[in-house]
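There are 2 protein chains.
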Amino acid sequence: MLQVNVELKERSYPISIGAGLLAEPVSYHPLKQGDKVMIVSNPTIAEHYLATVTSTLETLGCVVDFVLIPDGEKYKTLSSLDLIFTALLEKNHNRDSTIIALGGGVIGDVAGYAAASYQRGIRFIQIPTTLLAQVDSSVGGKTAVNHPLGKNMIGAFYQPISVIIDTETLKTLPKREVSAGLAEVIKYGAIFDLAFFEWLEQHISELVQLDQSALEYCIQRCCQLKADVVARDETEKGDRALLNLGHTFGHAIETHLGYGNWLHGEAVAVGMLEAAALSHILGDLSEQDVFRIEKLIAQATLPTISPDGMQPEEYLPYMWRDKKVLSGQLRLILLKSLGSAYVTSQVTEQQVIDAIRRFTQQ
Amino acid sequence: MLQVNVELKERSYPISIGAGLLAEPVSYHPLKQGDKVMIVSNPTIAEHYLATVTSTLETLGCVVDFVLIPDGEKYKTLSSLDLIFTALLEKNHNRDSTIIALGGGVIGDVAGYAAASYQRGIRFIQIPTTLLAQVDSSVGGKTAVNHPLGKNMIGAFYQPISVIIDTETLKTLPKREVSAGLAEVIKYGAIFDLAFFEWLEQHISELVQLDQSALEYCIQRCCQLKADVVARDETEKGDRALLNLGHTFGHAIETHLGYGNWLHGEAVAVGMLEAAALSHILGDLSEQDVFRIEKLIAQATLPTISPDGMQPEEYLPYMWRDKKVLSGQLRLILLKSLGSAYVTSQVTEQQVIDAIRRFTQQ
Ligand SMILES: NC(=O)c1ccc[n+]([C@@H]2O[C@H](COP(=O)([O-])OP(=O)(O)OC[C@H]3O[C@@H](n4cnc5c(N)ncnc54)[C@H](O)[C@@H]3O)[C@@H](O)[C@H]2O)c1
Ligand SMILES: NC(=O)c1ccc[n+]([C@@H]2O[C@H](COP(=O)([O-])OP(=O)(O)OC[C@H]3O[C@@H](n4cnc5c(N)ncnc54)[C@H](O)[C@@H]3O)[C@@H](O)[C@H]2O)c1
Ligand SMILES: [Zn+2]
Ligand SMILES: [Zn+2]
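Chains as they are written, first to last, in my numbering: chain A, 3 to 364; chain B, 3 to 364.
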């Protein structure tokens, strides 16, 4: 088992990473005899893991309830939140109860916000079961639900008391979801850590094949990189924005196609390539490094080209609407070199279009 | 104008108290030219004060929108919250926007929780317009909405950036609501401050008649007492519980009658008398002091006796369900003397019944 600590003073917490952790009582520290727990999950995930989590917690002497919300991003809503509150109240959960999120980013975001809000805040444990959730959404304390007029518009910064990552849960995850998670993994290397990027170049096929020890190391490294940036900038006023490499381009793709056609990670993969191409146009990133990113993305079985027919000019209106646009300037995360990202608003529309065109079908 | 500072390090904020503040641009500091503001209110209050607040903010150059939720505790819900989010999104409010709560405790609680949650937290200003909100709910950062299965079950600790108390707004408030607010005022004296209790004995009729300078002093004193306890105990893990003097008894009355029949402050008034009687039975508070509290409550035109037909034994089941019950022990706030409260679980049911009986119709 590997471990990462997220350092946030009195709100610090550990992330444990290993194969088979769900079945080990010690993973659930500090839960103990008599503690009340509400597991939040969805039917897809519950089928695989609810019994294991429940029985392990019962071994510890915890009193375990659960509530399932329907599977899918479209249920990341205030209504699902209300379902959770109703379950908590019906089962007489009080301020000493703990919510456990068992699932991907959707479950983690909704359950985390429920924990932040129930009686103004109860304890919260993340058990992320998608690669994206393991390397990204379960770490850092951002919780949210969507509103019909905007994604992630309602939420809280609320830290869990621990994160339990069982790498074996990825075995039941659809391959396409694994690849989508790898897009965020590659992102960490590109933004922060050349050595990790090089490690990924060596081990990408092991990751695709879910080699457990490669996964453990990879997830630990990503969690450490995210934990570091969160410790520096908990509420996303500075550095933490670098995590959005490729995301402004990616959101344009997601919105253009309608959410749910491409996975978020797939759109981010192409977005990263476009950001890399733009960094090259600005004279920072070498041609060679753009190729390295492209090759790694392809090996992760992610798309390397814009969706059918989407033209460079079609990105712009979406990009301008992005919340990272500050006082009328397009703000983008770009690369100075592999392993080093920065924020800039010094790019022209023409440069953005040229960068996108490189990854567009003609 | 009088001022109180709530000292919470980087989240400290000022409370300004004075007659006519709503019409003075300087009250709205730090809002300035170009700032976007969403006023949350209800139709009853908007009729009296929305135009003044809006035009004063427009004088400053702010861009002002508003959203009204229906009047009443029963609209303190997730649905009203959603109305506020929709208004914010429809009018393109972003992370730099400010929510202003213009109203009583219901509006303050809902709008505060909306501010805590919108894009994970935007700026928030309280303009309380009931006496209860001015001396209690607008100070301290507790925000919440109700759930069909429990009051204030969903919310956040979220501090405003300032509180603006215009004592003239009390002129349009129904007299019964003024008296209900006075119950909380008397509570501060009884819990924390004998000198203030004595001041109240001297000035209670001026307060009932809404003498503006008496109100200013009184509200300042209450806000100071609450600010002190909040600074010591922001998230209600200790001292802050003392503010619940009379509330366990009071909640029993409110629940027994069905919420909305007696005002909260009316139930708290009788609850305080019962707590005082119990303190006397335990040998702490003198008979004379119980009389002084009773007299002050009567002068504030508040009830001094349990509602028609409610018997002492009928209080108990509600009191046991109160969230202040910890591990099976009834925990009550009682008085050592006038101006000094403490928490205890050393009371017998019989003592509780005897205390209640003293203020029950036979
Ligand atoms: N809070 C943050 O910091 C943050 C960061 C990034 C993304 N997010 C959010 O995360 C969400 C996306 O998360 P996601 O990619 O995990 O999607 P997801 O939660 O929808 O999970 C993807 C699919 O995989 C299924 N699934 C999950 N684990 C499984 C397993 N082990 N076996 C079989 N099936 C499994 C789910 O039921 C779902 O159908 C978005 O809502 C996004 O906004 C949040
Ligand atoms: N957050 C806290 O710390 C805290 C503390 C105590 C109470 N509360 C909450 O406060 C709420 C009760 O607040 P309240 O007593 O102010 O009730 P309220 O907000 O319902 O207001 C009472 C009535 O007076 C009307 N009104 C308000 N200001 C007026 C004015 N100036 N002129 C004319 N009419 C006016 C309102 O429209 C309403 O009909 C409860 O929901 C309670 O849970 C919160
Ligand atoms: Zn992402
Ligand atoms: Zn009260």
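No wet-lab data here; the hints were simulated from the structure.
Bear in mind that the values here come from a model prediction, so they are computed numbers and not experimental data.
Hints may be right or wrong, so weigh each one.
Said to hold, decoys possible - List time: in silico DMTMM-like cross-link candidates among lysine to aspartate or glutamate, alpha-carbon distance up to 25 Å:
1) B/LYS239 with A/GLU238
2) B/LYS93 with A/GLU238
3) A/LYS11 with B/ASP241
4) A/LYS239 with B/GLU12
5) B/LYS11 with A/GLU9
6) B/LYS239 with A/ASP98
7) A/LYS34 with A/GLU75
8) B/LYS239 with A/GLU9
9) A/LYS239 with B/ASP98
10) A/LYS239 with B/ASP37
11) A/LYS11 with A/ASP235
12) A/LYS153 with B/ASP286
13) B/LYS38 with A/GLU238
14) B/LYS11 with A/GLU238
15) A/LYS11 with B/GLU9
16) B/LYS153 with A/ASP84
17) A/LYS76 with B/ASP84
18) B/LYS153 with A/GLU236
19) B/LYS338 with B/ASP286
20) A/LYS38 with A/ASP67
21) A/LYS11 with B/ASP235
22) A/LYS11 with B/GLU12
23) A/LYS38 with B/GLU238
24) B/LYS11 with A/ASP37
25) B/LYS153 with B/GLU75
26) A/LYS11 with B/GLU238
27) A/LYS11 with B/GLU236
28) A/LYS153 with B/GLU12
29) A/LYS38 with A/GLU60
30) B/LYS239 with A/ASP37
Are the Cα positions of A/LYS76 and B/ASP84 separated by 25 Å at most?
-> holds, 16 Å
- For the pair supplied as a hint, A/LYS11 and A/ASP235, confirm whether the alpha-carbon distance does not exceed 25 Å. holds, 13 Å
task: Compare the distance between the alpha carbons of B/LYS239 and A/GLU238 with 25 Å, and conclude whether the hinted pair is satisfied.
output: With Cα atoms ~28 Å apart, B/LYS239 and A/GLU238 exceed 25 Å; violated.
Next on the checklist: Hinted pair, alpha-carbon criterion (25 Å max): B/LYS93, A/GLU238. Please report holds or violated.
Outcome noted: holds, 24 Å
Please work out if A/LYS153 and B/ASP286 have their alpha carbons no farther apart than 25 Å. Between A/LYS153 and B/ASP286 the Cα gap is close to 57 Å, so the pair fails against 25 Å, i.e. violated.
Is the straight-line distance between the alpha-carbon of A/LYS38 and that of A/ASP67 25 Å or less? holds, 8 Å
- Query: Is the Cα-Cα distance between A/LYS11 and B/GLU12 25 Å or less?
  - Reply: Between A/LYS11 and B/GLU12 the Cα gap is close to 16 Å, so the pair holds against 25 Å.
Does A/LYS239 pair with B/GLU12 here, judged by a C-alpha cut-off of 25 Å? Holds - the C-alpha atoms of B/GLU12 and A/LYS239 are around 15 Å apart, at most 25 Å.
B/LYS239 and A/ASP37: Cα distance at most 25 Å? holds, 19 Å
Given the hinted pair A/LYS38 and B/GLU238, is their Cα-Cα distance within 25 Å?
holds, 21 Å
Worksheet item: Holds or violated: are the alpha carbons of B/LYS239 and A/GLU9 at most 25 Å from each other?
Response: holds, 24 Å
Is it true that the CA of A/LYS11 sits at most 25 Å from the CA of B/ASP235?
holds, 18 Å
Violated hints, listed in ascending order, are 1, 7, 12, 18, 24, 28; each of the other numbered hints is respected by the structure.
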